[in-house]
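For the protein sequence lines, the chains are H and R, in the order given. All the letters of the first sequence, read from the start, carry residue numbers 293 to 601 under this note's numbering. All the letters of the second sequence, read from the start, carry residue numbers 278 to 776 under this note's numbering.
Derived by calculation from the structure, the hints in this document are not laboratory data. C-beta atoms are modelled at their ideal positions from N, C-alpha and C, and glycine is treated no differently. Check the hints yourself; a few may be wrong.
[To be verified] Below, a sample of chain R positions facing chain H; criterion: calculated Cβ distance under 7 Å: (1) Gly420; (2) Leu422; (3) Gln426; (4) Ile506; (5) Pro603; (6) Gly610; (7) Gly622; (8) Val624; (9) Gly626; (10) Leu627; (11) Pro636; (12) Ala642; (13) Val646.
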Amino acid sequence: MRSARQFGTLIGLVLLCAALWILTPHFLTVSNLVNVVEQTSINAIVAAGMTFVILSGGIDLSVGSIVALAGVVLGTALQGGQPLPLALTLALAAGTACGLVNGALISWGRLPPFIVTLGTMSIARGAALLFTEGRPVSGFDATFRAIATGRVGFVPAPVIAMAVVYAVAHLVLARTTFGRYVYAIGGNEEATRLSGVAVRFHKTMIYGVSGLMSASAAVLLTARLNSAQPIAGINYELDAIAATVIGGTSLMGGEGTLFGTLVGALIMGVLRNGLNLLGVSSFLQQIVIGAVIVVAVLLDTVLKRKHRM
Amino acid sequence: MGDRPPVLEMRGIRKTFPGVVALDGVDLTLEAGDIHMLLGENGAGKSTLMKILAGAYQKDAGEIRINGSAVEIDGPRAARDLGIRVVYQEFNLVPHLSIAENIFLGELPARWGGFIDWRALADRASALLLDLGMTLDPRALVGSLGLAQRQMVEIAKALNGGDAKILVMDEPTSALTSHEVDHLFALVERLASRGVSIVYITHRLDEVFRIGRRITVMRDGRQVTTTPIEQVDVPELVRLMANRDVSEHFPKTRVARGPELLRVEALSVPGVLSDISFSLHAGEVLGIAGLLGAGRTELARMIAGADLFEDGWLFVDGTRAGLRGPADAIKRGIGLLPEDRKTQGLVPGLTVVRNIALPHGRRLAPFGVLASGCEAEMAAPITRELRVKATPTQPVRLLSGGNQQKVVLGKWLAGDSRIFIFDEPTRGIDVNGKVEIYHLMNRLTARGAAVLMISSELPELMGMSDRILVMHRGRIHAELAGSTATEERVLSAALGLVN
Numbered sequence: 293m294r295s296a297r298q299f300g301t302l303i304g305l306v307l308l309c310a311a312l313w314i315l316t317p318h319f320l321t322v323s324n325l326v327n328v329v330e331q332t333s334i335n336a337i338v339a340a341g342m343t344f345v346i347l348s349g350g351i352d353l354s355v356g357s358i359v360a361l362a363g364v365v366l367g368t369a370l371q372g373g374q375p376l377p378l379a380l381t382l383a384l385a386a387g388t389a390c391g392l393v394n395g396a397l398i399s400w401g402r403l404p405p406f407i408v409t410l411g412t413m414s415i416a417r418g419a420a421l422l423f424t425e426g427r428p429v430s431g432f433d434a435t436f437r438a439i440a441t442g443r444v445g446f447v448p449a450p451v452i453a454m455a456v457v458y459a460v461a462h463l464v465l466a467r468t469t470f471g472r473y474v475y476a477i478g479g480n481e482e483a484t485r486l487s488g489v490a491v492r493f494h495k496t497m498i499y500g501v502s503g504l505m506s507a508s509a510a511v512l513l514t515a516r517l518n519s520a521q522p523i524a525g526i527n528y529e530l531d532a533i534a535a536t537v538i539g540g541t542s543l544m545g546g547e548g549t550l551f552g553t554l555v556g557a558l559i560m561g562v563l564r565n566g567l568n569l570l571g572v573s574s575f576l577q578q579i580v581i582g583a584v585i586v587v588a589v590l591l592d593t594v595l596k597r598k599h600r601m
Numbered sequence: 278m279g280d281r282p283p284v285l286e287m288r289g290i291r292k293t294f295p296g297v298v299a300l301d302g303v304d305l306t307l308e309a310g311d312i313h314m315l316l317g318e319n320g321a322g323k324s325t326l327m328k329i330l331a332g333a334y335q336k337d338a339g340e341i342r343i344n345g346s347a348v349e350i351d352g353p354r355a356a357r358d359l360g361i362r363v364v365y366q367e368f369n370l371v372p373h374l375s376i377a378e379n380i381f382l383g384e385l386p387a388r389w390g391g392f393i394d395w396r397a398l399a400d401r402a403s404a405l406l407l408d409l410g411m412t413l414d415p416r417a418l419v420g421s422l423g424l425a426q427r428q429m430v431e432i433a434k435a436l437n438g439g440d441a442k443i444l445v446m447d448e449p450t451s452a453l454t455s456h457e458v459d460h461l462f463a464l465v466e467r468l469a470s471r472g473v474s475i476v477y478i479t480h481r482l483d484e485v486f487r488i489g490r491r492i493t494v495m496r497d498g499r500q501v502t503t504t505p506i507e508q509v510d511v512p513e514l515v516r517l518m519a520n521r522d523v524s525e526h527f528p529k530t531r532v533a534r535g536p537e538l539l540r541v542e543a544l545s546v547p548g549v550l551s552d553i554s555f556s557l558h559a560g561e562v563l564g565i566a567g568l569l570g571a572g573r574t575e576l577a578r579m580i581a582g583a584d585l586f587e588d589g590w591l592f593v594d595g596t597r598a599g600l601r602g603p604a605d606a607i608k609r610g611i612g613l614l615p616e617d618r619k620t621q622g623l624v625p626g627l628t629v630v631r632n633i634a635l636p637h638g639r640r641l642a643p644f645g646v647l648a649s650g651c652e653a654e655m656a657a658p659i660t661r662e663l664r665v666k667a668t669p670t671q672p673v674r675l676l677s678g679g680n681q682q683k684v685v686l687g688k689w690l691a692g693d694s695r696i697f698i699f700d701e702p703t704r705g706i707d708v709n710g711k712v713e714i715y716h717l718m719n720r721l722t723a724r725g726a727a728v729l730m731i732s733s734e735l736p737e738l739m740g741m742s743d744r745i746l747v748m749h750r751g752r753i754h755a756e757l758a759g760s761t762a763t764e765e766r767v768l769s770a771a772l773g774l775v776n
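Generate coordinates for the entire structure from the input sequences, incorporating the hints supplied.
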């Protein structure tokens, strides 16, 4: 049934592409498709972390703010003349640390994920603004910018980054005990605890993964914009949750796949791109995207109900 | 009697659940003003019968008459309209609302525009409480009340609306002190004298004789007897509850008792368990009997590290085991088959293989990376031995109850558990599945493992246990040898009677 659901999302993506192909000649060109995937990469990477969290039965609202905070850490370090590897390490460490704090408060503090990450969302955003006094940190050297602008053949570097992230994350989910515990905790936390699994430790790590993914997205974003902005990443949590949910992951936890999330992120990317090509106003776009999220989940629920009967 | 039809007649009520006949043609008759005691062991069918009366379950066959005319009770609403009210064991009150709001929840008096008419609400609540002889302030928050007072509010809530004809009370005194019980009984008598018929479910025999007028004993989904209270005494009741064909066969094989594997010393938890001490030996099945709330499941969970205790000691293989969680217990070879496999035993969305491998992640993958197929390899001999009827990659939620239970068992067979704690291992499982589990217990003891089995099914306990500990209100009330135990002796001890 899980694979049937993935298949459905994929069919949705194909149908959407077919419709756009008919509606506009500009959609189905190599350069536009590459462009769409590149545009999608940042949301897709954040959504990969979100998938870990949602699979485990949680939610992470702080991802967008962590993108901003990790970005300004990176930007400030680079402007301060730190070597690139150190700056990257600092940024990723900052994002991971935010996630681990989320996870520790949720696991050991027994607080609801919604509340904890809502708090972190505000705290991380405030920290990013305070740290930069509200100003963007701009202008980096070409080596760093190549992270976003470089290409291997005709494939943009962010697309490669996204592919690597998904490949690694997939292996972690499918082939490690940690991955098993993500599903098990989301499926039945008490049964998992009674099986001797260190549930609190693993939940903490899950939010750490989400933080790490947000920081990775921040690296791409900063390189692409050639600027680290404390107001970056606003509403990223909504896009990431949407991609995960469209991809078939249950908000109750325990069921879903990374592949689904990737397709979900692509659906959102293709939809935005297509609507732009068609000249649909950005206001109307928001309505369309919102409707797609609701319809996708509605279809999912209706189909599942039929299966149960 | 005679000229007026009874308030309630239930005739030939039958109800089956998958694999179990819960009620097999039960009759129950209530006269106006009756205080009718409903007795039986756990699982005898008392609650099922009352749920059918309350419209929570639908009967498969049988007839219900109220004041002589046949009725269909197709839901809680219909039952309420017929004057049937139920006070359940677990309270259904909203702690942050006042007594008055709780009593009239769902039918709050409103003024134009939906604003609550507070004065009317307070008046109606005061009138009702006064009428019932309850000295409670209707404005007090339910959250600030003690258990006995909440019970009163629950009763008032059940009785509001005036036309209550039948009041069902499911073990209403289980949380009350003796003084509070006196209050409750006075209220019950008062209601009965007004013509309300009361069905009173209880495990306490002393209560039966204090307020009961007639009594129905149930056993295994059947009604054993209905009789006026004057015509029975305590030994007779125990015999009626316990007596059954002793022809049921259990495939018990006895094994020479080996060294002590587990010892519990002076384990106490205030209000739950007091001074529990016993030991469990290799090759032994130690049964634990007791009624609901006797503390059996709590004890099982503490030994398995699921809940923590402060007073008392646990020794495994003669050395002290300080458990800080389930992982510690598993390391010492203790495996728990929990009471409720769905909420505690299984991850329903995971496959058979992954559920079985779940406790063994560390062993399968010391560095966290699972070699391809290693979980399937671990699970294969287990599913074969247990004859789990499912493909290894099926999510366990699609399996039948018996097969799900086998998967939970498989989790511990796959490891090196030697102390198995089975909490109601055959609940909701069909006969064949039960026999398979009994055979498995034999194999475990033959291998030198030990089994601690909690069960509410007395034949199973007596048939499979080498020894039986009987718990009553958090204490071990008696220890019986499996070969000499009779149902009457176990039941008497479980009821707290001296034997």
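Exercise. Quick one, is the R/Gly622 hint okay against chain H at 7 Å, beta carbons?
Worked result: R/Gly622 check passes; min Cβ-Cβ to chain H is 6 Å, inside 7 Å.
Problem set entry | Hint check, R/Pro603 versus chain H [nearest Cβ-Cβ separation less than 7 Å] | At about 5 Å, which falls below the 7 Å cut-off, the nearest Cβ of chain H leaves the hint on R/Pro603 intact, so it holds.
Exercise. Taking the least C-beta to C-beta distance, is R/Val646 closer than 7 Å to chain H?
Worked result: Holds, because the Cβ-Cβ distance from R/Val646 to chain H comes to roughly 5 Å (cut-off 7 Å).
Problem set entry | Interface hint for R/Leu422, Cβ within 7 Å of any Cβ on chain H | violated (27 Å)
Exercise. Does the CB of R/Gly420 sit less than 7 Å away from some CB of chain H?
Worked result: violated (21 Å)
Problem set entry | Restraint satisfaction for R/Gln426 [CB to CB of chain H, less than 7 Å] | violated (30 Å)
Exercise. Under the criterion of a CB-CB separation shorter than 7 Å, is R/Ala642 in contact with chain H as hinted?
Worked result: This interface hint holds because 5 Å falls under the 7 Å limit.
Exercise. Is the hint on R/Leu627 kept, meaning its closest Cβ partner in chain H is under 7 Å away?
Worked result: Given a least distance of 6 Å, the restraint on R/Leu627 holds.
Exercise. Holds or violated: is the Cβ of R/Val624 closer than 7 Å to a Cβ in chain H?
Worked result: holds (4 Å)
Exercise. Does R/Gly610 pass the interface check with chain H, least Cβ-Cβ distance below 7 Å?
Worked result: violated (12 Å)
Problem set entry | When the least beta-carbon distance from R/Pro636 to chain H is tested against 7 Å, hint result | holds (4 Å)
For this session: Using 7 Å as the Cβ threshold, decide whether R/Gly626 counts as touching chain H.
Result: holds (4 Å)
Checked against the numbered hints above, the structure breaks hints 1, 2, 3, 4, 6 and satisfies the rest.
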